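Read in order, the letters of the sequence shown are residues -22 to -1, 1 to 619 in mature numbering (1 follows the signal peptide of the UniProt record, and there is no 0).
Simulated from the structure, these hints should not be mistaken for laboratory data.
Since this is a predicted model, take the numbers as computed values, not measurements.
Just to be clear, a hint being listed does not mean it is correct.
What the hints assert, rightly or not - Taking lysine to any residue and the SDA-like style, the derived pairs with C-alpha atoms no more than 20 Å apart in a straight line are:
| id | residue 1 | residue 2 |
| --- | --- | --- |
| 1 | K474 | T444 |
| 2 | K145 | T158 |
| 3 | K340 | E286 |
| 4 | K105 | S206 |
| 5 | K161 | T47 |
| 6 | K394 | K340 |
| 7 | K325 | T378 |
| 8 | K161 | N264 |
| 9 | K448 | K459 |
| 10 | K54 | D108 |
| 11 | K120 | T110 |
| 12 | K161 | K293 |
| 13 | K448 | D499 |
| 14 | K120 | N264 |
| 15 | K293 | R266 |
| 16 | K436 | T47 |
| 17 | K70 | Y11 |
| 18 | K436 | H392 |
| 19 | K146 | I197 |
| 20 | K325 | K340 |
| 21 | K105 | K161 |
| 22 | K161 | L316 |
| 23 | K145 | I197 |
| 24 | K459 | H400 |
| 25 | K54 | D164 |
| 26 | K436 | H400 |
| 27 | K120 | K146 |
| 28 | K146 | G99 |
| 29 | K120 | D101 |
| 30 | K145 | E179 |
| 31 | K471 | I540 |
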Amino acid sequence: MFRMIWIYQTFNFIFLLASVYSECVTQTYENTYFQGGDLTVVFTPSANYCQVVCTYHPTCLLFTYLPATWTKDPAKRFSCYLKDSDTEMLPKVDMEGAISGHSLKQCNIQISACSPDVHIGLDMEGKIYDVTVADSYQQCQKRCTNDNRCHFFTYASETFNNASFRKKCLLKQASVGTPTSIKVLDEVVSGFSLKTCQLSEMDCQMDIFEDQEFSGINITSFFAPDISVCQTICTYFPKCLFFTFFTKEWQIESQRNLCLLKTSTSGIPEALTSRENAVSGFGLLNCRRSLPACNSRTYTHMNFLGDELNVTYTKGHRACQQVCTEVIRCQFFTYFSLQDSCNEEGKCECHLRMSSNGSPVKIVHGPGRISGYSLRLCKKKASTVCMQHSARTIRIVGGTDSAPGEWPWQVSLHVKLSRRRHVCGGSIISNQWILTAAHCVMSLANPNIWHVYAGILKQSEINEDTPFFKVEEIIVHPQYKYARTGYDIALMKLDKPMNFTDLQLPICLPSKEDADILYTDCWVIGWGYRKEKGRVEDILQKATVPLMSREECQARYRKRRIGDKVICAGYDEGGRDACKGAFVSTSTDHSRGENVKVFQLLPPWFALPARMKVHHQKHAFYCRHSAAPLFMDVTASPGLC
């Protein structure tokens, strides 16, 4: 849901839901000042950064920026005026040097919170809490990025006029995350922390502490529907390092669903106190992956209270959510599903709401209420990413938990027979096509029984309100017979195109020129069993598998013909197996008196099915996707290998 930091005290992404549904206006106006509508003023080093600040402010629609060339009042240079208007426009006044423009909330392309630019000759002022010697501004920026408290920095060069500050790196912070003022100063360079660029080298602390309260300095608090939202708020809130969330079972009714944002001088909690129905954790800004800004989830039996904008009637809570997305200033909604709240057409009350900071002012639990947020932040990516390489270099033998957004092409394929359940995994290859295993669909060829869930991490999070795609068509590779012969691939066409977000993106299919690239390892992911006769894992699992040459593989398995349709993978040490994490459905060949694992002949990066076994052998075979000239121009894919 959230993606910006160090901008303004209320710029938490749960609160950054756009206020307006209209055309995307990227035009800026030179020598123009928007009159009236002032919300607040901050200081930014450029007009572009001012626009980003406005975009992620909960109610800002317009801005005016006074650049370094502003001469009327030097103290107001670099001022960024955030503005609002009921009509989405304010009177324009001629003002030489001023730059004005619009929030990009209306735009359908995500903008980045990452600000890697440095600003030569500018001193971004704030509270200086650390001064060290550095050889370059790059080294200084890296220190800022790897310091929990640092929002921005200033570096004085070796020719700086004050000799005592030469080659000094000044780490700074501010209560609102942006400079308290900006001055023109020769021989200095200033810039922001690159944590939002996912470049921090600090530990990513993803552990959640149930029934524990973290002690520290309380910054502020907000109401949130679950711990995930609370953690994301902390991640992008200036100065928040850790948090405590009180669940709906918390003994004090007025504090239920309260998210407490905290910090400390040491950077870690001062103490852990046992508290039933309290859950604590850390912000994830140090993690080397972006935390998605989109929150499409809805919450049953919850009423999000706030300022009432309008009450309309819709058929279903998803339609209500869409109306909220399209209505001016709607940040969140509550759908009243009880019969006494519905009209003769079967449409029920849809309450469109907002607050000064974008968060519900209170969350009330009760039947017949479904709440959620505007989908404004569920925007298309400007471009798709290819493979996401893990920052970890250690070899993972057993399965380990994945992180949100780590494998955005992964989907969970559910089938409803006697009950709906996860059957197989799949991978997004375009906005309307999923690649899966042929053996998964051969006996379940009716498209109507399938649901495709994208952007999920936990199976337990899937409920009747979770968004899904229906399947319009299933195409099995025409040369598929059974898994060991290869061609174990199939396509699913979705009933509607998918919007790409940080949580759901296509995996990149390489060009023909990439077919001969040699790789040493593959990632294997899925919700499979961790042990024989076990249960499907709740959290998406991952493991690495080392590859070996076909010649070496053939030498080890002389009684089997290793063709060009498979890739061999496994460990040399006996008794160890990348599939101890049980990501892959396997079959066993007993003809040679030992377990020879044959994987489901999927592309090496493939999201794998749920029915999985564990054996203790050394090697396995994967499908060599490049050997299967797929229909529909689906070409070879070494994937994460």
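When the hints from earlier in the document are held up against this structure, which numbers fail? 2, 4, 6, 7, 8, 9, 10, 12, 13, 15, 16, 19, 20, 22, 23, 24, 30 and 31
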